[in-house]
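Input sequences plus hints: build the corresponding full structure.
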Amino acid sequence: MVQPDDLIVEHLTSTPTLLAPYNKPHKRHLYSWLSSKAEMYLEGGNSDTILLLGIRGVGKTTLLAQIYFEVLKEVGPNGVLYLSLDRLRALGLELREVVEAYKRLVRPEKAVILLDEVQYEKDWDLKIKLLHDERRFFIIATGSSAIKLRESPDLARRALHRELFPMTFREYHHLKTGRELPELMGRIMRGEEISMPPVMEDVEMYVRAGAMPLALEMEEWEVYERLTAMLDRVVYRDLREVHEFDAETLDRAFDLLHLLATPKGERFSYERLSKTLGLAKGTVMKLVDALEKAGLVQRIPPCGSPAKAIRKSPKIKFLAVPIKSALLFSSGFNLNRKEVFASLLEDVVAFYLFLLSKSGNGRLCYEPGRGGADFALELNGERVVVEVGLGKVRKSQVERSMERLGAERGIVLGERYEISERVAFYPWKVFVAGF
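Numbering (my numbering), first residue to last: 533 to 967.
A few of these clues could be false.
Said to hold, decoys possible - No farther apart than 27 Å at their CA atoms in a straight line, the calculated lysine-lysine pairs in the BS3-like style are these:
| # | residue 1 | residue 2 |
| --- | --- | --- |
| 1 | 796 | 924 |
| 2 | 796 | 825 |
| 3 | 635 | 605 |
| 4 | 961 | 870 |
| 5 | 890 | 825 |
| 6 | 813 | 825 |
| 7 | 870 | 796 |
| 8 | 559 | 635 |
| 9 | 680 | 605 |
No lab work stands behind these hints: they were computed from the structure.
Below, the structure written as structure tokens:
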């Protein structure tokens with residue numbers, strides 16, 4: 533069995549080689565904030581603990597590697613400790629004993645400690661809390677989105693929390709080309725006139741696969757293969773953080789994901805999913821809840837009273853749209869077929885609206901029933917109806933939804949550009965490229 537002291541002696545010298553493949557030249561927008569926090573600490577600021585959550589493949593390990601090499605320039609290999617909790621568990625070691633060995637052997641006055649995939653450590657939150665309470669180290673810990681459910685209130689009060697979401701188009705385009713695009717989303721959601729930006733060829737690529745960093749360095753089909761393989765770990769490891777599913781139920785989670793990914797997947801009610809999968813309705817609801825808490829999907833409730841929300845099934849949209857593409861690709865769907873691509877686009881729009889609602893403490897819902905609005909976003913005391921239509925969408929149809937929902941404005945995303953007093957039509961490519 534490996535001893536903690538032996539691991540530290542070997543690990544401090546081998547970490548640069550271990551992390552070199554993850555030290556990508558492109559940096560997510562969150563990197564600047566993390567780097568500035570680490571720099572402030574090294575220059576004499578207070579210690580901090582940052583918990584960085586997100587689904588697998590979204591770039592958490594890459595961020596840690598980039599921070600590692602940045603800090604390495606300032607403090608040398610003994611002043612920064614990177615640990616993968618997955619690897620520690622495989623070696624039969626615990627976080628606390630390894631960190632104690634590091635403190636004993638190196639005796640750092642200050643150190644940056646980077647902990648990857650903390651969900652693999654038993655009582656991870658208590659151990660990080662104890663490290664935090666020493667007020668000596670700057671700590672960044674990553675984990676799956678679901679681990680916050682099992683986080684102790686004590687650590688929740690102490691740690692700064694950040695969630696790393698899939699990329700919007702503007703971040704994807706910046707990392708791919710180095711060029712910044714204007715932010716248009718605020719003006720679009722207010723129904724204002726805009727200067728039409730040049731439409732890039734890679735907007736369609738983004739809709740299919742570009743929200744995950746893998747798309748920056750791989751062929752599209754390779755992205756889908758990697759994401760399909762990644763889903764195994766999400767289902768069999770991360771979902772267990774939410775509910776105690778048995779192996780057979782977790783097997784059916786893949787069938788559920790494939791059903792939800794189909795172009796008409798959003799129309800499946802819990803009752804229909806239950807019948808199709810041969811699972812109890814309550815089990816299906818628990819699986820969907822786990823998929824949402826793991827960061828794969830979002831549930832969008834029907835607009836109206838809480839009683840209506842209970843009676844009607846939610847729309848279920850993928851937050852990481854490339855995972856939906858990967859599921860469709862593995863099932864033999866042509867992602868460029870109009871119906872399939874329109875379904876992917878609607879999930880991208882739902883993802884953008886999710887980010888808007890989260891940033892402004894808003895509420896996202898949909899209008900149930902035939903002819904109802906795809907989405908309604910309530911933000912800053914106003915409600916905006918959003919319709920996604922690659923076919924023909926009439927202004928009168930949107931106005932009826934606005935009247936039923938008490939919305940101030942209507943936004944239609946399709947092929948044309950036309951601004952009127954209450955309803956604004958924008959090309960979908962402009963909407964996607966504007967955020």
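**Asked** Which earlier hints can't be squared with this structure?
**Response** 8, 9
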